[in-house]
Amino acid sequence: MGLLYFLIGFIVFLNIFSFANKKVFNKKLQPPFINAIGRWTMLSEYAFYSPNIANSYVMLLTTKDTSGSLNLIPTAVSSFEMQQKIFNLYHFIRQDTTLRDVLAHSVATYYMNVNPEIDNIQLSFFDYHLPKLSRYQQGERPELGDLFYFSEFTKRDVQPIIK
Amino acid sequence: MFNLSLNKNTFLSLCVFRCGVAALTLIHILSLYNDYDTLYSSNGIIREEVNTLILDNTPVLTIHALTHWVAKYSQCQEAQAINLVLFVYITALIFIFLGFMTRFSALIAFLIHTALDNGATVLSYGYDSFTNNCLLYCILMPVGYYYSVDNFIFKRKNAEDTPLSRLSIRLLQIQLCTIYFMSGINKSFGSDWYNGECIWRAVMQPPLGKIDMSFLATFPFIAVSIGISVLIIEIFYPFFIHFTRIHKYFICIVILMHLSIAITLNLWFFAGIMIIWNIAAYGIPIYTRTENASTKSLTDTRL
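These protein sequences, in sequence, are chains A and B. Using this note's numbering, the first residue of the first sequence is number 15, and each one after it goes up by one. Using this note's numbering, the first residue of the second sequence is number 2, and each one after it goes up by one.
Hints are computed from structural coordinates only; laboratory data are not their basis. The beta carbon of each residue, even a glycine, is placed where N, CA and C say it ideally should be. One thing to keep in mind: the hints can contain errors.
[Claimed, not checked] Computed Cβ-Cβ distance ranges for the label pairs, DEER-style: (1) B:K9 - A:T112: 48 to 56 angstroms; (2) A:E154 - B:V89: 48 to 56 angstroms; (3) A:P130 - B:F222: 51 to 59 angstroms; (4) B:A24 - A:L161: 39 to 47 angstroms; (5) B:I212 - A:P130: 45 to 53 angstroms; (6) B:W70 - A:A90: 31 to 39 angstroms; (7) B:Y195 - A:H143: 53 to 61 angstroms.
Excised from the complex, chain B in its bound form (with noise of 0.2 angstroms):
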């Protein structure tokens, strides 16, 4: 009825999991490339002393202070640090996508994305947070030893199952159950997400809804009834997800559930970070499984 045995296809996971943030981040600060002045600049929209009282002067690195030691170091204007700091960022998220020094790379990556983030505290958000630490299991954990650069280098085959790699996709699927967990019992105590009222705030107020989505009122059970499915899908997601009979299909209606918050409430990157570590961590070893049970079943069959 429950299955929560993993199959030998970990490090397949991991491999996705590697090259979906990579190239995830990737777009992501390419999508940003006409506003890199506006948000990361000592003269920014938010200005580096505004930033350090914000900081309460907690000692973290920010991108202020790391574009300064550049300048400083290459003598040149605070303009063309950023841009080579965003430079290395940008070939590091490369270097992760191929798998090529693939725990170093993650580990500029980190450190960079960790300055601009901290460097834009209050421009941050859900996202953010979770590329960092996608970008920090990318140190942590071997995501590299998958169709890399660093195999065909190394002469390595690709590695089968270790029970690192397997340590590491279930610590994904317990945190992926504890955030939606968590969300669905928070979400639970507002009264809003039963009338319909959540869903209809998120589709119609600036700067979340961006397709007309008026005809709600004229159908108010439309807005309850995915109110209530989002709560359903979040605060059971741990126990569907591991239902033998539906995680399939459950799995499917959870990115469809993202892929929806993605064209209504434009918030693609947030989407596509969860929809990533969805299929890192359970969408590759649910199929991988079903398939090897049904390539199982027919030889049963045939003998």
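Same shape as in the complex, but just chain A (with noise of 0.2 angstroms):
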């Protein structure tokens, strides 16, 4: 019994202080059970929406047929739980520079298995510009803003890449 109530308040202990997990344990300094304790204990900061809310991002997925015009490939997913976690894919492609090719390429191979009469595919990302509250009041509306991310896979680039 004992025990359990130290194992219940270390959690909690933990998790109450989470928000200063990222100042506190630089994530170079980060022993691996600490990081392995954060996954399962949601060590992370609770930090939602804050403290602003950033623009939003697009995913264009398109395909060039033999006359080189360029065809969308539809991307819908069936639920908006799966439309929630797609998303935060792109969050991640966004932010994370150093990730992005090997995201890239894991997404165009998905979409290449998915549709395997393709056999090349293009990867737009695009920053989803939404107008203030006065300019939209103004007429201006939302459009897709920046490119920030572009890249293009053939069939035969898709195979695995890391080992």
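Dock the two chains into a complex; use the hints.
Structure follows, in structure tokens:
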């Protein structure tokens, strides 16, 4: 029973002070067990939608046919939960410049496996530009913003590259 | 003025926590039924080797490792192994809901959920972390001692109140207060929460905004008031929730806030887990305390 008290207290203690995780435990200094506990017990910051809400992102998947014209590949998902998860992927690609290429490669491989008739694929990630409240009132409307990432893959490329 | 005491229904709160978490997690995994391969197979949208790279080779349990292990020992294909793992997961969640071998079922569900979460790290968000947390609490806290199959099998009566159950509820409360307070403080550093822009962005941008809320541009004060209300609710949550005069109204406001998030932003599961946590940690203690107080005052009046 004592051990149980200790465990509950310890885990909740970690959670309560979780906001300090990123500041106190520098990623380089963070030992693997802390990382593992972090994944298990939500040792991450509780900063939902803060301090501000960033721009959203849009991914366009296109394929070039023999005549050279671009066709859009459908990326609609079956549930809103899945949509939320896929959006997190876009967010990751936007934020993490070091892993962008491998993530894009993974996405391209997946869509090529789903659509075996396609032999090339272009991934374009755009910022979603939503006008401010006042500008919307003045008639400005949402549109695709800057292209922040683009890559192109052919069937030959989409073999696993990381071992 | 402030009431920090707990009543004797701590096991009822823990029972609600157990059933709520199990039911919501069950609905969540079933809602992803068509996407299991996309999410969790080694050739899914995040390939196994990419996920390993993202995890920076941290030694954590992933769904890929688990399915390889299951496939090896049961000599089946990867897709079948995923289905087998998910079948065990769903069964464990049903057992938690029923209170059957609660701690063991919670341990199984927790391990599989951890593996699912680690197997698709870049696809997981706040809800997944909360669920993982709740399943861990279902292992550690005495959640299976009230209206459970375990009670029926071991011929136990519904437990009333123990130091461990009180500690468990208290810790849920402390964590909930910390979550809201930290979230509110972090938001308060952003200027957009004061001028309505955050609310505007939240409801109008894909993939969250589902309902046409463009009328907010005509009546911006609505967005401004909602933004400031969110800050007030979150920062002052630990204060208002213990303030006897208003706590029962305040908990309704918090639940309404999460319901609005669910409807307007389509974050049903995230809202659901927060509502369950609020009801278990504060809703039941507050309402049963109020009920007891009114019964007591009625008895006093009659006397």
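Exercise. Between I212 (chain B) and P130 (chain A), is the Cβ distance one that fits in 45 to 53 angstroms?
Worked result: Check failed, 38 angstroms falls outside 45 to 53 angstroms.
Problem set entry | Range hint 51 to 59 angstroms (beta carbons of P130 (chain A) and F222 (chain B)) holds or violated | Cβ of P130 (chain A) to Cβ of F222 (chain B): about 54 angstroms, so the range 51 to 59 angstroms holds.
Problem set entry | Distance restraint hint 39 to 47 angstroms, applied to the beta-carbon atoms of A24 (chain B) and L161 (chain A) | holds (43 angstroms)
Exercise. Are E154 (chain A) and V89 (chain B) spaced within 48 to 56 angstroms by their CB atoms?
Worked result: holds (52 angstroms)
Problem set entry | Distance restraint hint 31 to 39 angstroms, applied to the beta-carbon atoms of W70 (chain B) and A90 (chain A) | holds (34 angstroms)
Exercise. Range hint 53 to 61 angstroms: satisfied by the CB atoms of Y195 (chain B) and H143 (chain A)?
Worked result: violated (22 angstroms)
For this session: Note whether the CB distance of K9 (chain B) and T112 (chain A) lies within 48 to 56 angstroms or breaks it.
Result: holds (55 angstroms)
Hints 5, 7 from the list above are not met by this structure, while the remaining hints are.
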